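Engineer: Respectively, the protein sequence lines represent chains A and B.
Here our numbering is used: the first residue of the first sequence is 1, the next is one more, and so on.
Here our numbering is used: the first residue of the second sequence is 107, the next is one more, and so on.
This list has only true hints and no planted wrong ones.
Here are some chain A residues pointing at chain B (derived, C-beta under 7 angstroms): (1) Arg26; (2) Ile28; (3) Glu29; (4) Ile38; (5) Glu47; (6) Tyr49; (7) Thr50; (8) Leu51; (9) Asn52; (10) Phe93; (11) Glu96.
These are calculated hints, taken from the structure and not from any lab test.
These figures come from a predicted structure and were not determined experimentally.
Ideal Cβ placement from N, Cα and C applies to all residues, glycine included.
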Amino acid sequence: MERGEIMATQLNLDAVCACSENVVARTIEGEVVLIPLIAGIGDEEDELYTLNETGQAIWQKLDGKKTLKEVAVSLAEVFNGPASELEADVLGFASELTKRGILVAK
Amino acid sequence: MTETTYVVKRRLDQWPLWKESGPRLGQLDMELTERCNNDCIHCCINRPANDASAWVGEITTKQVEDFLCKAADLGCLQVRFTGGEPLLRQDFQALYIYARRLGLKVLLFTNACLITPGLADLFQRMPPLIKIEVTVYGMHRESYEAVTRVPGSFAQFQSGLNLLLERNVPFVVKWVVLPQNKHEMVEFEAWAGTIPGMTRPPSYVMSLDLRNRRDDEGKNVYIQSLRLTPLDSLAILTRDVVEYKQSMEVFASQFMGPSGDKLFSCGVGCSLCIDAYGRAQPCMGLRAPEWTVNLNPNLKSMREGDSLSSVSVSGMHPECAGLEDVLSQFSRLYDLCTTNPEYLRRCAKCFLKGLCEQCPAKSWTEHGTIDTPVAYLCETAHMQARYIGWLDKNEYGWEVMNWRERISGQRSTR
Chain A
1 MERGEIMATQ LNLDAVCACS ENVVARTIEG EVVLIPLIAG IGDEEDELYT
51 LNETGQAIWQ KLDGKKTLKE VAVSLAEVFN GPASELEADV LGFASELTKR
101 GILVAK
Chain B
107 MTETTYVVKR RLDQWPLWKE SGPRLGQLDM ELTERCNNDC IHCCINRPAN
157 DASAWVGEIT TKQVEDFLCK AADLGCLQVR FTGGEPLLRQ DFQALYIYAR
207 RLGLKVLLFT NACLITPGLA DLFQRMPPLI KIEVTVYGMH RESYEAVTRV
257 PGSFAQFQSG LNLLLERNVP FVVKWVVLPQ NKHEMVEFEA WAGTIPGMTR
307 PPSYVMSLDL RNRRDDEGKN VYIQSLRLTP LDSLAILTRD VVEYKQSMEV
357 FASQFMGPSG DKLFSCGVGC SLCIDAYGRA QPCMGLRAPE WTVNLNPNLK
407 SMREGDSLSS VSVSGMHPEC AGLEDVLSQF SRLYDLCTTN PEYLRRCAKC
457 FLKGLCEQCP AKSWTEHGTI DTPVAYLCET AHMQARYIGW LDKNEYGWEV
507 MNWRERISGQ RSTR
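Please take these sequences and the hints and turn them into a complete structure.
Structural biologist: Take a look at the structure:
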């Protein structure tokens, strides 16, 4: 099992996540673009990443200080819905990006 | 409901990244120096590696960093580092790291001779995200150094490539076709096929450009003597006749047809080039002073005494502060029309426009104007069109009215 996978499986809503220093996050034309800085993030030499709408909304709330639970609460205020329904998305998002090495759990 | 994935992998060459229009600046070409460690017989830009007058005028590390920052602010995702030989700059590693930390992909054009273990390590650890492009001048020392005119350069080139190969740094090779190496093309292709990064056939430089700065008439005469004849070009292009005809069929369906009196059919105004001294140009080939904007406060404007074009654009300012201003100025070139009677008689009506490499930059290097037909390119395009059967012998592309039928293979009368 890779290091990222261990971190992803251990992730829970109390975790605080931030963008890895091995990735450059840019917002271009309203699109979040994640550009690997070191080898091993992407599978191909010219690969970069964008986020879907849910991913973008979650990304914008990740400030490296809030726990994932607090991120879900924050999103719930924006979308006017129960935080409990958003927690699965936030955890899923953080797990996926942690596994890819784009996010790190602090 | 929980989604299954939140991240979308993108490859710029296969997937449109942007929902609507792209960023203001698509690509920045940074010409880091005009100096080169080689002294290639055909080169359109190089100056000697130890040329103090060239070195002293080059933009500083800080100036390059500022340009990169401004480019990133305009949404630019890709910078091309070229020259001369960009690796000659002492600050190359610092500039490379700076660009990558800004989130720029780096396309490096190099002869690979100056790649060191440290630099190869850097490319391995922090990949450029685009395959490095290495130009090859010969498969053996004799042919290679007959082109580069630098003893020992072949061994340096081999060493540089080996450093990349040992570290699995992806690169592609391309070949400049010259009398000195023409006989080695088959050997080159076979070798190129063994390079891991070569997922496509190699590209060839066949139409040698004259000196981009129009600075050496003697060398221009020599470069002209090195050019392939149109017949030689055709022979290379049609080595695999079936593949050639199939690719031309696809190409013709997309890119053929007269362009009229508009001069620019490229993406002018979406990308730009900054030369080694801090001047912005619409592209790497178009260095006409009247289309150049000085971004370097330490540099005197080149324009004095220069007025060579028969066309002009109102509102072009020789100096301005920001890249966005420059892009706005260059964008206006897209609507630029010529009044040159010879261009209007020939190029404007010629359906071979897509096949011909005629463009304002080529015209500039050949004639010092941006709208004078380039006979060499015209002959090469016509040679191909006659071979494919789009034209009869002694017939010209601008004489044909039923060109759509010609390229679709349903040829009848004119």
